[in-house]
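Engineer: So you can see what is in the structure, the chains are spelled out below.
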Amino acid sequence: MSGASPVLVELDERAGVAVVRLQQPPVNGLSLALLTELCLALQKLEDRRACRGLVLTSAVPGIFSAGLDITEMFGRSEERLGEFWRAVQQLWILLYGSRLATVAAVNGSSPAGGCLMALSCDYRIMADNPKYKIGLNETRLGIVAPFWFKDALLNTVGHRAAERSLQLGLLYSPQEAFKIGLVDELVPEEKIQARAAEVMAQWLAIPDHARQLSKSALRKQTLDHLLMHREADIQDFVRFISRDAIQKSLQKYMEMLKQKKA
Amino acid sequence: MSGASPVLVELDERAGVAVVRLQQPPVNGLSLALLTELCLALQKLEDRRACRGLVLTSAVPGIFSAGLDITEMFGRSEERLGEFWRAVQQLWILLYGSRLATVAAVNGSSPAGGCLMALSCDYRIMADNPKYKIGLNETRLGIVAPFWFKDALLNTVGHRAAERSLQLGLLYSPQEAFKIGLVDELVPEEKIQARAAEVMAQWLAIPDHARQLSKSALRKQTLDHLLMHREADIQDFVRFISRDAIQKSLQKYMEMLKQKKA
Amino acid sequence: MSGASPVLVELDERAGVAVVRLQQPPVNGLSLALLTELCLALQKLEDRRACRGLVLTSAVPGIFSAGLDITEMFGRSEERLGEFWRAVQQLWILLYGSRLATVAAVNGSSPAGGCLMALSCDYRIMADNPKYKIGLNETRLGIVAPFWFKDALLNTVGHRAAERSLQLGLLYSPQEAFKIGLVDELVPEEKIQARAAEVMAQWLAIPDHARQLSKSALRKQTLDHLLMHREADIQDFVRFISRDAIQKSLQKYMEMLKQKKA
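Chains as they are written, first to last, in the UniProt record's numbering: chain A, 1 to 262; chain B, 1 to 262; chain C, 1 to 262.
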């Protein structure tokens with residue numbers, strides 16, 4: 001990246017809308033570095049009065065985000081694992097609890113942590129390209145989505161769809177994702193940014209204060225659950241991911257990814 | 001109204017069914033007076049052994065109920081505001097927890113508190129007239145639906161639809177409302193009362209005791225939430241609605257309504 | 001039955017899949033004897049390392065299970081009623097909390113306790129025969145589904161459908177059941193066992209440990225609710241079912257069943 005930030009922020013002060021683009025090729029993997037940048041950018045927008053809405057999207061063709069960078073979870077010290085997990089939590093806390101109206105413009109595949117980012121926004125638009133997939137597919141890697149990933153999914157698609165989706169680690173096509181309510185709307189790929197702006201205008205037509213209180217009424221309990229168990233959740237993650245069996249699973253998966261590339 | 005009651009009650013003792021019609025032109029606004037009458041009528045039916053079912057509908061063409069009478073919230077003393085809010089709570093407690101089988105025959109528009117009344121019944125039939133709208137549109141007025149409005153909506157349409165619906169203050173056409181499950185059935189306007197009677201017969205075919213226990217099993221927790229925080233909820237309302245910013249919002253809205261009429 | 005077990009277990013060790021067939025004519029009524037056999041069989045499979053998945057189905061044509069054997073609830077001592085109810089609880093605890101991937105192949109009608117068994121599996125396939133019905137129809141008999149029946153339904157079809165379904169004691173055709181999500185898939189009757197095997201293969205493609213943790217994350221709270229109130233729930237059942245009014249309801253129902261047969 002030669003020093004260029006992997007998080008491109010463009011704030012239209014007149015509209016009050018920031019567009020945040022992830023640009024960490026090849027797959028916008030959520031490394032500790034990217035998470036740190038992204039949280040910093042989100043916090044700045046959160047603190048900026050001129051900003052009322054946020055569109056989250058990708059600058060990497062074909063991928064929204066592949067989720068957590070798997071290299072951050074393999075062969076790392078407990079301290080580093082803990083630092084990484086705290087950053088993942090922080091991203092979710094910022095996005096899921098944002099005072100801003102948030103629209104995900106999912107312009108590419110969005111598995112695992114990528115799906116979580118989309119789930120944390122107020123509205124999800126996905127490019128209707130059958131090559132793209134979205135879902136919490138953790139079980140396929142032999143790992144388990146943490147409880148707050150689960151809660152965010154459950155609040156979006158309901159208990160039954162969440163049960164099946166999480167156990168099977170299902171990755172959905174845009175049409176399937178739309179059908180179960182995992183995304184709110186499908187658009188042709190070339191129109192996704194324009195449509196995100198239109199949708200945002202609809203959200204910003206509502207007085208901020210009333211919208212924010214309504215959002216909080218529906219999300220506070222889910223957010224508080226993590227906030228109250230944040231340290232325990234970090235310890236759970238570190239302990240789980242450090243297990244020999246899990247490290248071996250991750251190694252296998254990484255080798256498979258390398259072979260795919262080659 | 002020249003002393004006529006705004007709440008018309010017709011009890012068919014043979015069928016065990018009462019039809020309650022709101023008749024407070026122009027929009028069945030829930031004033032303190034109407035709320036008091038309505039709660040009294042509902043309590044009487046609740047206490048009357050001959051009554052097993054209740055159809056709630058409107059005698060004012062084109063409107064089910066426009067919800068809380070906004071003049072009750074503007075420029076009032078704290079004491080009066082508290083009295084008003086207690087009556088709103090009481091209406092919901094009576095309807096949502098009724099031992100009766102309750103069917104809403106939504107024969108007109110039904111925003112905000114009107115929607116809440118419909119949500120509190122066991123079954124909702126709506127006249128399929130695209131001019132009619134239903135929904136919790138509080139945020140559009142700069143105010144926020146209280147938590148028990150939110151809970152009643154959430155129990156009906158699920159978490160995701162509730163999030164979007166409440167934040168955007170969405171008003172749905174009958175077709176849209178049916179699609180998200182906000183109403184159970186659409187019928188041509190002229191058939192709504194006959195259909196309500198048919199549906200009621202289906203509900204009354206079930207032994208009361210078993211039906212009531214099943215209803216309570218699904219609603220008690222939601223009801224208890226308000227019952228246990230009733231005073232705090234009144235204080236929250238009084239404090240919130242008394243704010244300068246909110247009073248100004250309400251004033252603007254009232255002026256807009258006046259201009260519409262003129 | 002001449003001593004033959006009413007629970008047929010066939011374990012394919014290579015596939016890691018057990019097929020459990022209920023064979024208690026005429027309707028696979030859940031008597032204390034059948035419950036005891038079934039729980040024993042389930043516990044054995046649970047403890048057997050070679051077993052990873054379970055298909056639950058019926059060997060009696062046209063019926064999956066008619067649910068609790070009503071003769072177990074009529075004219076019995078409190079002690080016997082308590083023993084019976086504990087066995088019903090045990091069946092649910094085993095099925096709903098199973099470490100195995102569980103698929104219900106619902107090849108016949110499945111009211112009340114039969115429906116509960118299906119609801120407790122991870123996936124439900126139903127034979128698309130319009131003569132078959134499925135649902136928690138307890139209120140039609142004047143009784144009430146216990147809270148954990150309600151919770152299992154609620155986790156499957158959501159709050160609104162559960163409210164209507166439980167209050168009215170609705171029995172759904174396969175098409176209706178599919179529409180509200182009470183079953184996941186419909187297949188021609190002759191293909192149901194083959195399809196169950198296919199679906200099971202999909203579930204077993206996921207590493208057991210990750211699948212089990214995901215399942216537990218979504219079911220533990222519901223399970224714990226019963227586990228923590230198990231004795232009180234037994235007392236509630238015994239007290240409720242012993243009431244004169246309930247015993248009379250059951251008697252009426254049994255006489256109606258006898259007349260139907262004759």
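No lab work stands behind these hints: they were computed from the structure.
Do not take every clue at face value.
The list treats identical chains as one, so a pair stands whether inside a single copy or across any two.
What the hints assert, rightly or not - Within a straight-line C-alpha distance of at most 25 angstroms, the following computed SDA-like cross-link-like pairs (lysine to any residue) qualify:
1) Lys252 with Arg52
2) Lys191 with Arg164
3) Lys248 with Leu81
4) Lys248 with Leu213
5) Lys220 with Leu141
6) Lys260 with Glu37
7) Lys220 with Asp128
8) Lys220 with Ile180
9) Lys150 with Ile180
10) Lys150 with Arg52
11) Lys261 with Leu250
12) Lys150 with Asp184
13) Lys179 with Glu13
14) Lys133 with Leu171
15) Lys44 with Val187
16) Lys248 with Ile206
17) Lys248 with Gln202
18) Lys248 with Ser216
19) Lys252 with Thr71
20) Lys220 with Glu231
21) Lys150 with Gly181
22) Lys260 with Pro207
Engineer: Evaluate each hint against the coordinates.
Structural biologist: Checked hints:
no., hint, in the structure
1, Lys252 with Arg52, "between (44 angstroms within a copy, 23 angstroms between copies)"
2, Lys191 with Arg164, "between (32 angstroms within a copy, 22 angstroms between copies)"
3, Lys248 with Leu81, "within (16 angstroms within a copy, 51 angstroms between copies)"
4, Lys248 with Leu213, "between (45 angstroms within a copy, 18 angstroms between copies)"
5, Lys220 with Leu141, "between (30 angstroms within a copy, 23 angstroms between copies)"
6, Lys260 with Glu37, "neither (29 angstroms within a copy, 50 angstroms between copies)"
7, Lys220 with Asp128, "neither (32 angstroms within a copy, 36 angstroms between copies)"
8, Lys220 with Ile180, "both (24 angstroms within a copy, 24 angstroms between copies)"
9, Lys150 with Ile180, "both (15 angstroms within a copy, 22 angstroms between copies)"
10, Lys150 with Arg52, "between (28 angstroms within a copy, 24 angstroms between copies)"
11, Lys261 with Leu250, "within (17 angstroms within a copy, 61 angstroms between copies)"
12, Lys150 with Asp184, "both (18 angstroms within a copy, 21 angstroms between copies)"
13, Lys179 with Glu13, "neither (35 angstroms within a copy, 37 angstroms between copies)"
14, Lys133 with Leu171, "within (6 angstroms within a copy, 32 angstroms between copies)"
15, Lys44 with Val187, "neither (30 angstroms within a copy, 51 angstroms between copies)"
16, Lys248 with Ile206, "between (50 angstroms within a copy, 16 angstroms between copies)"
17, Lys248 with Gln202, "between (48 angstroms within a copy, 23 angstroms between copies)"
18, Lys248 with Ser216, "between (40 angstroms within a copy, 23 angstroms between copies)"
19, Lys252 with Thr71, "within (12 angstroms within a copy, 56 angstroms between copies)"
20, Lys220 with Glu231, "both (19 angstroms within a copy, 22 angstroms between copies)"
21, Lys150 with Gly181, "both (15 angstroms within a copy, 20 angstroms between copies)"
22, Lys260 with Pro207, "between (49 angstroms within a copy, 21 angstroms between copies)"
In summary, the numbered hints that this structure violates are 6, 7, 13 and 15.
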